[in-house]
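Undergrad: So the chains spell out like this:
Number of protein chains: 2
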Amino acid sequence: MAVYTEVTDEALETFLTLYDIGRVVAFRGIAEGVENSNYALKTTAGDFILTLYEKRVDPTDLPWFLGLMEHLAAQGLPCPLPVRGCDGANLNPLAGRIAAITTFLPGVWPRRVHIEHCEPLGAALAQLHLGGQGFTPSRANALGPQGWRPLLQKCLPQADALLPGLGAELAASLDHILAHWPRHLPRGHIHADLFPDNVFFLDGKISGLIDFYFAATDIYAYDIAVCLNAWCFERDFSFNVTKSRFLLRGYSSLRPLVPEERAALPILAQGSAMRFLLTRLYDWLHTPAGALVTRKNPLEYMKKLRFHEAAASVAAYGI
Amino acid sequence: MAVYTEVTDEALETFLTLYDIGRVVAFRGIAEGVENSNYALKTTAGDFILTLYEKRVDPTDLPWFLGLMEHLAAQGLPCPLPVRGCDGANLNPLAGRIAAITTFLPGVWPRRVHIEHCEPLGAALAQLHLGGQGFTPSRANALGPQGWRPLLQKCLPQADALLPGLGAELAASLDHILAHWPRHLPRGHIHADLFPDNVFFLDGKISGLIDFYFAATDIYAYDIAVCLNAWCFERDFSFNVTKSRFLLRGYSSLRPLVPEERAALPILAQGSAMRFLLTRLYDWLHTPAGALVTRKNPLEYMKKLRFHEAAASVAAYGI
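Chains as they are written, first to last, in our numbering: chain P, 126 to 444; chain G, 126 to 444.
In short, the hints are calculated from the structure, not lab data. Incorrect hints may have been included.
One copy or two, it doesn't matter: identical chains are merged, so the pair holds either way.
[Stated by the list, open to error] Here are the computed lysine to aspartate or glutamate pairs in the DMTMM-like style, where the Cα-Cα straight-line distance is at most 20 Å: (1) Lys421 x Glu157; (2) Lys421 x Asp285; (3) Lys330 x Asp134; (4) Lys330 x Glu138; (5) Lys279 x Glu241; (6) Lys421 x Glu131; (7) Lys421 x Asp408.
Isolated chain P (complex conformation) (with noise of 0.2 Å):
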């Protein structure tokens, strides 16, 4: 997975000299990332990352995910700084595919979530609300809640097979949600992916934050709806309010919450919870079997989804 599209070494020179970053000395395809084509490359000028993007990003969002992603680095935010070119270009054609060259960021991200995994999180995610805010462009959420009706219609007619209800569950949660929707609260570029997959962590900081590739400017307690969502579950699906606490608490530290945002975060994360449950489950319906891509199951989330809506209050998540 993640490496969808072969680059020819020839190709890779060519596209190379575009570049002032010295000569190849390895280049190896890396197993993470689900969206697009990820290369580990290293020059006699560093270690880098060469990703090609492919057929689920609009070519047409690109200039601005690497211009939030520049902004944010200028800003000290750990992310992949995008390479430009001798031209002052920073995507560049490659393999019949658009591609980008990014710096090289260290660390790991963490297989298990844990405690001290939780604030530095949080505190970063601030960190990055705070830093995008000289960013003047903007780019509406795609899958925001305008994008979950029309999801949930193409789901619907399948979405029995997978669990008898199911259709008209999602369909009254969602009714719910809509109804529901804060309006008014603050405001700004959101990763609204970021899931332990794209935090590196070294010597218990934060080193790196990557994958900006669905970022978009939404409401920001959404985004920490999402980090609820993404971090403070356990295996089990039981939630952790000690992690949610200290997710809040480093946020906090950096960009306190309104009271309207404490307010709403049952509400949103309801919604964040049925937007990664719809698009899991139209990957679900829509991959055909014997594909590369792994399939997450969906209804992970209608047990986070449900964790939810018996929120009474923000209480539920510690604070």
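Chain P is already provided as a structure; the job is to place chain G on it using the hints.
TA: For chain G alone, coordinates are given in the frame of chain P:
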């Protein structure tokens, strides 16, 4: 593909205390190789490869493989050098598997084979054969001619479902191969799987030979036959005799072939085509749909086998 076993950060840290190679800087799964799990491991001491041996590898073979690699590296061959732990062991348990750390080799494997690759490849193969001569333990080739009939038997019941008449054609070809298999040819340690993705090039020279986990003690010229199949056919399965001539020239420059080896090349090439055809056919018929492994089309090797069956003499290979 190629990351079957996940390693937690804690397990990795504990594992590295067994070695004197500094602290973890980065750890990324590599999307190459199909038998084992491979990670690029960067430490404060440099770049390494961490391999976890998966079920296809017999753990009792591992000391032989690693011993051969250590011997070959000492002879100057650019192969991975297993790193010994503080107690001298080069194999240690990790995440329920046996694992080894080896040195990182620079270079890029050729996605498209050009004429220019073939002479250095042949020379490197001869260097491997000569360099292995001082390594006294031997390992029988489980995927050598003795293994082919049992493998065919397991495939016969379903072979014709893939291609009508396939079973009978394979049975007849195998009878011919085994009846004419050469005896008394020069023998020693062979790589037995030297496909392009196991050979790194840098600046036109070979910088790495990797993946010794099919290595065995067998006929040297059989290893040449494997390379003829793996390097000298074009994408349309036409045979490029210029490539084979350069391959054989490079080999002979370091280890000239005796007349019996030259005469045996067509039958050895048939045997090698049969070996890869049978293992691919077995995988094709026995890999569950939806598995994460790329099934390679066995019928490519049917075409290669037929080419070698039509080869009247070594002249078919350009010498």
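Undergrad: All the hints need checking, so say for each whether the structure fits it.
TA: Consistency of the hints with the structure:
In this assembly of identical chains, Lys421 and Glu157 lie within 20 Å of each other by CA distance solely inside one copy; the values are 14 Å within and 22 Å between copies. For a Cα distance limit of 20 Å, the shortest separation of Lys421 from Asp285 inside one copy, 17 Å, qualifies, whereas the shortest one across copies, 35 Å, does not. For the homomeric pair Lys330 and Asp134, the shortest alpha-carbon distance between copies (14 Å) is at most 20 Å, but the shortest distance inside one copy (37 Å) is not. In this homomeric assembly, Lys330 and Glu138 come within 20 Å of each other (Cα to Cα) only across copies, at 16 Å, whereas the closest approach inside a single copy is 36 Å.
Taking identical chains as interchangeable, the C-alpha atoms of Lys279 and Glu241 are never at most 20 Å apart, the minima being 40 Å within one chain and 52 Å between chains. With identical chains, the CA atoms of Lys421 and Glu131 are at most 20 Å apart between copies only, with a shortest distance of 16 Å across copies and 25 Å within one. In this homomeric assembly, Lys421 and Asp408 come within 20 Å of each other (Cα to Cα) only inside a single copy, at 8 Å, whereas the closest approach across copies is 25 Å.
The structure does not agree with numbered hint 5 stated previously, though it agrees with all others.
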